[in-house]
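Given chain A, work out where chain B should sit, using these hints.
Here the protein sequences come in this chain order: A and B.
Taking this note's numbering, I'd label the letters of the first sequence as residues 172 to 928.
Taking this note's numbering, I'd label the letters of the second sequence as residues 172 to 928.
It is possible that part of the hints are untrue.
Heads up, the list lumps identical chains together, so a pair's fine if it works in one copy or across two of them.
Think about it this way: if two alpha-carbon atoms lie no more than 30 Å apart in a straight line, the pair counts; the simulated BS3-like pairs of lysine-lysine are [unchecked claim]:
id, residue 1, residue 2
1, LYS889, LYS363
2, LYS766, LYS807
3, LYS217, LYS323
4, LYS782, LYS631
5, LYS889, LYS682
Rather than coming from a laboratory, the hints here were simulated on the basis of the structure.
2 protein chains.
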Amino acid sequence: MFNNIGSLANLIITQSSGTEPNTWGILFLVILISLFGLVIALWLAKWVLKKDTGTADMQKISNAIKMGAEAFLRRQNRTIIYLATGVALLIFVLYGFVRSHHDFDPVPTALELAFWVSVSFVLGAGCSLIAGYVGMWVSIRSNIRTASAAIKSLNDALQIALRGGAVSGLFVVAMSLLGVGGLYAVLLALGKDPAHIPLMIVGYGFGASFVALFAQLGGGIYTKAADVGADLVGKIEAGIPEDDPRNPAVIADLVGDNVGDCAGRGADLFESTAAENIGAMILGATLSTFAEKGGFPFALGGVAVMLFPLVARAFGIIASIVGIVLVKMDKEEKIDPMQAMNRGYSFAVILSMAAFGFASRWLLYNEYAPQAWWHFFLCGVIGVLTSVAFVYITQYYTEYKYRPVREIAKASETGPATNIITGISVGFECTALPTIVISAAILASYYLGKTAFPEDAVVKGVNAGLFGTAVATMGMLATAAFILAMDTFGPITDNAGGIVEMSRQPEAIRKKTDRLDAVGNTTKALTKGYAIGSAALAAFLLFSAYMDEVKLYSGMSEGFVFKVDISKPVVFVGALLGAMLIFLFSALAIRAVGKAAYYVINDVRAQFKEKPGILTFKDEPDYGRCVDIVTKGALKEMILPGLLAVLMPVSVGIIFRLFISETDRLIAAESVAALLMVGTICGILMATFLNNGGGAWDNAKKFIEAGNYGGKKSDAHKAAVVGDTVGDPFKDTAGPSLHVLIKMLSTITLVLAPLFI
Amino acid sequence: MFNNIGSLANLIITQSSGTEPNTWGILFLVILISLFGLVIALWLAKWVLKKDTGTADMQKISNAIKMGAEAFLRRQNRTIIYLATGVALLIFVLYGFVRSHHDFDPVPTALELAFWVSVSFVLGAGCSLIAGYVGMWVSIRSNIRTASAAIKSLNDALQIALRGGAVSGLFVVAMSLLGVGGLYAVLLALGKDPAHIPLMIVGYGFGASFVALFAQLGGGIYTKAADVGADLVGKIEAGIPEDDPRNPAVIADLVGDNVGDCAGRGADLFESTAAENIGAMILGATLSTFAEKGGFPFALGGVAVMLFPLVARAFGIIASIVGIVLVKMDKEEKIDPMQAMNRGYSFAVILSMAAFGFASRWLLYNEYAPQAWWHFFLCGVIGVLTSVAFVYITQYYTEYKYRPVREIAKASETGPATNIITGISVGFECTALPTIVISAAILASYYLGKTAFPEDAVVKGVNAGLFGTAVATMGMLATAAFILAMDTFGPITDNAGGIVEMSRQPEAIRKKTDRLDAVGNTTKALTKGYAIGSAALAAFLLFSAYMDEVKLYSGMSEGFVFKVDISKPVVFVGALLGAMLIFLFSALAIRAVGKAAYYVINDVRAQFKEKPGILTFKDEPDYGRCVDIVTKGALKEMILPGLLAVLMPVSVGIIFRLFISETDRLIAAESVAALLMVGTICGILMATFLNNGGGAWDNAKKFIEAGNYGGKKSDAHKAAVVGDTVGDPFKDTAGPSLHVLIKMLSTITLVLAPLFI
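This is chain A alone, in the form it adopts within the complex (with noise of 0.2 Å):
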């Protein structure tokens, strides 16, 4: 491993001995250290499926998941195929036929506009599709392989579940990457004009997002209808403990895990990475041409600085896999296996920040601004402590060691209602702290950005600071692959657990599936965290690439400051509308499992109804049958919601062109501003208290399991029982659909931009 880091090293320094840009030798090595990644991916995949698969009922169970998550996945992607086809189709006509070319047009007409969009959103929804699928693929195949070497040894297990999740992590993060640098090399090849080609790659995060958003919302309102579903009937009513074979809806929940959290966060941090890549890249142009312009020019010109966040997120990958290679548990498996994970996730970050360095030294040396890259340097790592930051407060709001959980847990005894009560209130409460974080993170990264350059420099228009909150957001961004290996080794130790659970192997294996499991909890929680603070800080970066976009296509002239200015009533009522959007989106989602909840609960009481033997393990239960019709019920739900987040921005930009005069010619796209500015905000609060609520609520049933007022059994468990409940469709449903919701409305409106002016 550590040869190859040195090879690259050498490799780069040839590359940048030169003092004219060399762009194809940078995009080279971001190509090569992408494809590095899919390599290592592979030998990662194939490591784990030469394991050993256990034996012939740890199989049946497995195998059923199997059929269930890759049938769901199938239709699920049948369905979001067709709404992307009409997406892609739609943008075609908009931006060819609908809006008029303009001089200030990035490519002499419109529909050569129109293409190129149109085929980076089909790119950036196929690479999102596949990213989706890959991770669930893995998945399932490494939950039965963890489970079987738990017999044997825990390391094995750590092991296994971690590598089977970075299998998905690197390829996610590799191929978001590949996709973006691909597409620039083949318009660079074709000629194009480097500083216009990220507005003709937008298309390519919005295809991600929208696939994200889709497959996250199934995938969340399939796993937790199926949760809710089978605890109802099976905890509440037919009083059998969970993952119990005798569950109809027990595979579909297993099934569940995958699909909502491997295949949907796997779509969610594609096109986080592809639309940071890409934000970033505009800011990097607009920042390279104002500092040529102002007679501040970047060493290796502008195109280094505009490749900057590629060469960023390919450094990053290297330091992820190196991590994850070294998580390894000690030789007498005594140590909390998340402390080995936390061990390994130190490289990462120890790395990351060192290849950082090196890249700002590198890409971004300015010798009219010698301080420039250092100033950076520590942007990037603000990125990387804010999301420290977020791990610890995380932590705090729903692990049942600190104060907020036990109060839950407390409130529990005097009935579900003030569990409730309490669990809502520490949701809300959790939301401060992160607040502050981001605020801090977003004000030093922007005045260190600001302060990169001297005084006379910014008179001239050379304002860095933006730009340095983009590469904090890199920063934080960095090790995205690692976080995300340790997201999806969330549902394979838990699938591990179930399949040990269901076939009833002895107490030992379970206990030493139940060690991985909690590491798993926390590390799903944890990356929730994660996903918000990263989306927030790239949300302001996509807030600018959109305020860019907006400035070129309206023609205006050099000098003109586009603001997003809400004491304009117009503007007011955009931004109260994006914060409504939020509600009302986490309404329908968190409706939509109730409703697939419900086709779950009728159809496991009509098996017991039909076959009373199932209670008393004679007859089997028919687990296809709850698979099939949650799959049809989560499918048929994602609808509704997926649609009013594409359509409100969509409706707002085109009917608020009404507004626009003579005096105030941008006014529909500065409400749609304010609307993706103040939709984000109020999303990124509403999921913090989703997620930390839901996790707070889960870990406060725990607590109580524990032994701890009365124990399990007891009034106050059954009080913790309903929060934990309450607590599942926010945490996995609404919460994580809001994180791709709020980057699909970023990416949404950069695509349609042009439209509203």
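Frame of chain A, contents of chain B only:
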């Protein structure tokens, strides 16, 4: 009654016959009508007090409620007076010694400005305290009279309850008008420039809202802590019905209705009307100044425009009085009492619309823009229609005739978890329609205002758009006195029902008070919707007042336009913090209820243990001890959320002065504006969620109690009780406190703006 109106109209016509602006005449009219409103309030109070006070049993209960409520309010007011004194001193010091005097200040010395702002703050705070006290005073005397009247006639009971409520309604609105009008008159008599007076009395609105915030918080925490506490131990643990005399917390619960709903809402609407008056006056002053400069002077001069809001409010008082007096049942007492109420309200609405038209024609006539007055009149009509729309939407989401509540009731069949999930999803969903209505109202009234003047006037800067939204707000608030009467009607009938129940009156009388109580529940929900809608509209007006003020205090040149550009990172962070404030405040308010309820629960349990005879009617519980404990608890718990609300905007304003630079002198004021606006947006949505969600849960329970899904004592009913309990602190503590918070944010920033510049 009609004679009075006739003579007033004569008076007005006499006064408006001159073409010179008759400032003193208009002011005289306003003060006269407010005094008239107070006289009518007094007359109604006497009318109510003359009524029969029922049996000795009833009096015993009523006296216990009276003592408890008075004890709480005395203590609460003492706490609030301490806090307000501190703030008054702080304002004086900040204005008089910290901030340096500028030439463009409205008065010649810093100390004089400090004097007026602090004095108006003290006056506003004092009036608000008195308004809250009067509301409670009359309510705890009307309850027993309503109960006693119910023995004989439903019509008598209805009239006593409504007229008792009207005492507080009229008193609040008339006092607020008298305060603003009187302060204005005093300053005018002292020879101050009329256009500068609003800036000197901004403290009045802040004083009012400061008190309102703590009154609503303290009262809201008290009422729900008592309610939740009484229900949890009484209904669930001991299995005794609601309002049962064996429950030691039952008197505290009945006290809570008075201190939460009457005193809290009284202070809330007092400040609404006061703040809206001042905000509209500032906008009127700006508009008339620009109109004069642009060559489009109003016929009766600028002062007439500035005083228009006061006149419109004064006419609204008369319209409300007529409406209130006209409410009565049919002879057979067969109609729904709500219908009788609605008829009276329709009268008030129609009359106030007519008066609005008259006032517009009289004071806003402009020879150079002859269409202006009826454009403004239409804005007022939009305001009235908005309030009607809010009433319907609130009904749809909270009454069990419609889909949302029925959905929650149905979900109760599968247990408390699905009840909660569905309730939250309904709550989130119900934010959509009000947002759309508010958006439409803002855009339409802005558009009407903007087109009130011809094109060439707009080019010269005569833009009446914002004034149009201000007039819409006035329209919405025109019937505030009637609405407040309906609101106070709620706790009076609730208490009357409690008294009848506890003194074990025959079934027939209980049925009568139950009919009134059901109406009271509806009116309480409706007025909350109304309060949010008016807060949303009024907020927009207060933003503009803030921006005008910033412009004035910054001493920027004439053509300067102050923008709130949330695409600037510092301003965006302000917006983010504003939204976060809403979440954190809600968390603290909800948690405060939980904590205070815990004290109640422990005391009730202790009492049952100490005297086991309580449950068999052998021993009498110690009601006073419970009242005392919840009083202390509520006052202790209100401090933290209250201080957060006050300190957060101030801190942002002061800390963000760090970012002030030569090119961006107003950045701190701009960030505070963003905090205010986005905080308001989130606050409106969150309050709507909390209010309607809570209302829907409440009525889902009632729907089941009416015999659906198994009726009382079924499992569905138990689940619905959980939802109802969760909804309690939402709809009666956090939601209403958010209304006040939104308005206090506006007024506090208005007062402190000069310090952020």
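Status of LYS323 relative to LYS217 across identical chains (alpha carbons, at most 30 Å): within (20 Å within a copy, 87 Å between copies)
Alpha-carbon proximity between LYS889 and LYS682, which holds within one copy, between copies, both or neither at 30 Å: Cα proximity of LYS889 and LYS682: one copy only (24 Å, versus 37 Å across).
Regarding LYS889 and LYS363, is the shortest C-alpha distance of 30 Å or less found within a copy, between copies, in both, or in neither? For LYS889 and LYS363, the Cα distance exceeds 30 Å both inside one copy (64 Å) and across copies (68 Å).
When no copy is named, should LYS782 and LYS631 be tagged within, between, both, or neither for a Cα gap of at most 30 Å? Neither: 79 Å inside a chain and 82 Å across chains, both beyond 30 Å.
State whether the alpha carbon distance between LYS766 and LYS807 is at most 30 Å within one copy, between copies, both, or neither. within (10 Å within a copy, 42 Å between copies)
In summary, the numbered hints that this structure violates are 1 and 4.
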